[in-house]
Amino acid sequence: AQSVTQPDIHITVSEGASLELRCNYSYGATPYLFWYVQSPGQGLQLLLKYFSGDTLVQGIKGFEAEFKRSQSSFNLRKPSVHWSDAAEYFCAVGAQGNTPLVFGKGTRLSVIA
Amino acid sequence: EAGVAQSPRYKIIEKRQSVAFWCNPISGHATLYWYQQILGQGPKLLIQFQNNGVVDDSQLPKDRFSAERLKGVDSTLKIQPAKLEDSAVYLCASSPLTGSSYNEQFFGPGTRLTVL
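Chains as they are written, first to last, in this note's numbering: chain A, 35 to 147; chain B, 334 to 449.
Accuracy of the hints is not assured; some may be wrong.
What the hints assert, rightly or not - The calculated lysine-lysine pairs, modelled on DSSO-like cross-linking and capped at a C-alpha distance of 27 Å, are:
| no. | chain 1 | residue 1 | chain 2 | residue 2 |
| --- | --- | --- | --- | --- |
| 1 | B | 377 | A | 83 |
| 2 | B | 395 | B | 411 |
| 3 | B | 344 | A | 83 |
| 4 | B | 395 | A | 102 |
| 5 | B | 416 | B | 377 |
| 6 | B | 416 | A | 102 |
| 7 | A | 83 | A | 139 |
| 8 | B | 404 | B | 377 |
| 9 | A | 102 | A | 139 |
| 10 | B | 404 | A | 95 |
| 11 | A | 139 | B | 404 |
| 12 | B | 395 | B | 416 |
| 13 | B | 377 | B | 348 |
| 14 | B | 344 | B | 416 |
| 15 | B | 377 | B | 411 |
| 16 | B | 411 | B | 348 |
| 17 | A | 95 | A | 83 |
| 18 | A | 95 | B | 348 |
| 19 | A | 102 | A | 83 |
| 20 | B | 395 | A | 95 |
| 21 | B | 344 | B | 395 |
| 22 | B | 404 | B | 348 |
| 23 | B | 395 | B | 377 |
| 24 | B | 344 | B | 377 |
It is worth saying that the hints were derived from the structure and are not from the lab. Owing to the predicted nature of the structure, the values given are computational and were not obtained by experimental measurement.
My request is simple: use the sequences and hints to build the entire structure.
If you want it as structure tokens, here you go:
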């Protein structure tokens, strides 16, 4: 069965500092991996996705993520955090075709001045 | 392009009452999903439709939850009777059906249900 683990429930970073959010997955086949962001009262917005190819993927809002098969990880990074990045971040795994996503429990990001 | 629409955005009911949520997917999207997001957790699939047929409802508590997607467009999710543990955000998502290996899911803003 697919599963996603996000070890950090809550992270606080200073504005301008770098950010890394961790994600580990369990999946028997080649995973389709995603990072979503959810602001309060909003739906989920896709930041980036990995299907195959280059293991470093670029997304919107300056985010990137690196797929490491040997570590079953798909960590999200941003070199310089802005106050507007404060939100809940979800890592998810899916399979080929129109299949439902399996989400982690999320990491809440707080940004301080 | 209009996004996924959901209504109501918020609903407060007492336990044992019934409630219904509505979702209008992006035009032309064949696949529709309902997810339940309990506070502090990630979304979990309740039911998946393709056109007006059910693809996966294995996680839907069928003794109290029901969902339909008449005519393969709009969908409604109903809870009857509601329990305290049904308090959550109910997210609707839709995706197109193409020949691609994966079709992105687009999420609506959700309906926040509070059961007292």
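Structure-based check of each hint:
1. 377(B) with 83(A): Distance of about 19 Å is within 27 Å: holds.
2. 395(B) with 411(B): Distance ~10 Å between residue 395(B) and residue 411(B) Cα, so the pair holds.
3. 344(B) with 83(A): Violated, at roughly 33 Å.
4. 395(B) with 102(A): Given pair residue 395(B), residue 102(A) is violated - Cα atoms ~39 Å apart, limit 27 Å.
5. 416(B) with 377(B): Given that 27 Å is the threshold and the Cα spacing comes to 18 Å, the pair holds.
6. 416(B) with 102(A): 42 Å, violated
7. 83(A) with 139(A): 18 Å, holds
8. 404(B) with 377(B): 25 Å, holds
9. 102(A) with 139(A): The hint holds at about 20 Å.
10. 404(B) with 95(A): It is violated: about 37 Å lies between the C-alpha atoms, which goes past 27 Å.
11. 139(A) with 404(B): 34 Å, violated
12. 395(B) with 416(B): Between residue 395(B) and residue 416(B) the Cα gap is close to 13 Å, so the pair holds against 27 Å.
13. 377(B) with 348(B): Holds: residue 377(B) and residue 348(B) sit about 22 Å apart, inside 27 Å.
14. 344(B) with 416(B): Holds, because 14 Å separates the two Cα atoms, which is no more than 27 Å.
15. 377(B) with 411(B): 17 Å, holds
16. 411(B) with 348(B): Distance of about 14 Å is within 27 Å: holds.
17. 95(A) with 83(A): 14 Å, holds
18. 95(A) with 348(B): Cα-Cα ~41 Å, so violated.
19. 102(A) with 83(A): Within the cut-off at roughly 14 Å; holds.
20. 395(B) with 95(A): 40 Å, violated
21. 344(B) with 395(B): 21 Å, holds
22. 404(B) with 348(B): 31 Å, violated
23. 395(B) with 377(B): 15 Å, holds
24. 344(B) with 377(B): 20 Å, holds
Violation of the numbered hints given earlier is confined to hints 3, 4, 6, 10, 11, 18, 20, 22; the remaining hints are satisfied by the structure.
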